[in-house]
Amino acid sequence: GAVVSQHPSWVICKSGTSVKIECRSLDFQATTMFWYRQFPKQSLMLMATSNEGSKATYEQGVEKDKFLINHASLTLSTLTVTSAHPEDSSFYICSASSGRGGGHEQFFGPGTRLTVL
Amino acid sequence: RKEVEQDPGPFNVPEGATVAFNCTYSNSASQSFFWYRQDCRKEPKLLMSVYSSGNEDGRFTAQLNRASQYISLLIRDSKLSDSATYLCVVNAGNAGKSTFGDGTTLTVKP
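Read top to bottom, the protein sequences are chains U and D.
For the first sequence, the numbering used here gives the first residue as 53, with consecutive numbering after it.
For the second sequence, the numbering used here gives the first residue as -2, with consecutive numbering after it.
For reference, chain U alone in the conformation it holds in the complex (with noise of 0.2 Å):
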């Protein structure tokens, strides 16, 4: 199947600074990217999709101004957590599709494990 790299795989950081998390699909265009957070014992929660080249779409409850998407290529999307606290120390995983749309099998990154302190 495809692949698809995330960098870097863990980060501590001190409460206040930005992170900056990068999704890579390394064999094929990802036309949409999926960033996902998954809390320990819980399943993924969808927190954003962006398409390459517009703006991207946030679920609700999700702070677009706290969590940064850029997807400038279609092989790169980047996550910056703004201002991190405890609180949003997390697995955040992101996912590459080829297609727009539904339906279309999704490859998912390594993930990225933040922790605040």
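Source of the hints: derived by calculation from the structure; they are not laboratory data.
In this text the structure is predicted, and so the values were computed from the model without any measurement.
Be aware that a few hints might be false.
Unchecked claim - If you only want the chain D side, here are some residues facing chain U, beta carbon under 7 Å, derived: (1) 40; (2) 41; (3) 43; (4) 63; (5) 97; (6) 99; (7) 100.
Glycine included, C-beta positions come from ideal geometry on N, C-alpha and C.
Chain D: place on chain U using the hints.
Here is chain D on its own, set in the frame of chain U:
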């Protein structure tokens, strides 16, 4: 009510057992259905898509019942390596986003 609901689990079964997971979804307009597998502290990986006619991949069989808005996954001859959390995923089609169930944890014991 959640959009996608799964058996709460956990399922603890011996090697060689047959185990079935159920999943229901609330959006009747849903178009695509998948089962993903997630190992502890890892990303989800696609196990199989689910088609209206039902489909089989080795020891795994997936069924879809659109009338009842119900999806199932059957695992035969369980292996130790099948131990994982199984996620039911439903896609409504229009916006391309998928909704994940909370997952069912399976532990296969020797």
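Each hint, compared with the structure:
1. With a cut of 7 Å, the hint placing residue 40 of chain D at the interface with chain U holds, because the nearest CB-to-CB distance is about 4 Å.
2. Interface hint at residue 41 of chain D: satisfied, since its Cβ lies 5 Å from the closest Cβ of chain U, which is below the 7 Å cut-off.
3. Hint status for residue 43 of chain D: holds, given a least beta-carbon distance of 6 Å to chain U, under 7 Å.
4. The beta carbon of residue 63 of chain D is not positioned within 7 Å of any beta carbon in chain U (closest approach about 15 Å), and the interface hint is therefore violated.
5. Below 7 Å, beta-carbon pairs count as interface contacts, and residue 97 of chain D has one with chain U at about 5 Å; its hint therefore holds.
6. Among the interface hints, the one on residue 99 of chain D holds; its C-beta lies about 4 Å from the nearest C-beta in chain U, closer than the 7 Å criterion.
7. Interface restraint check: residue 100 of chain D against chain U, minimum CB-CB distance 5 Å, threshold 7 Å, status holds.
In the structure shown, a violation is registered for the earlier hint numbered 4 alone.
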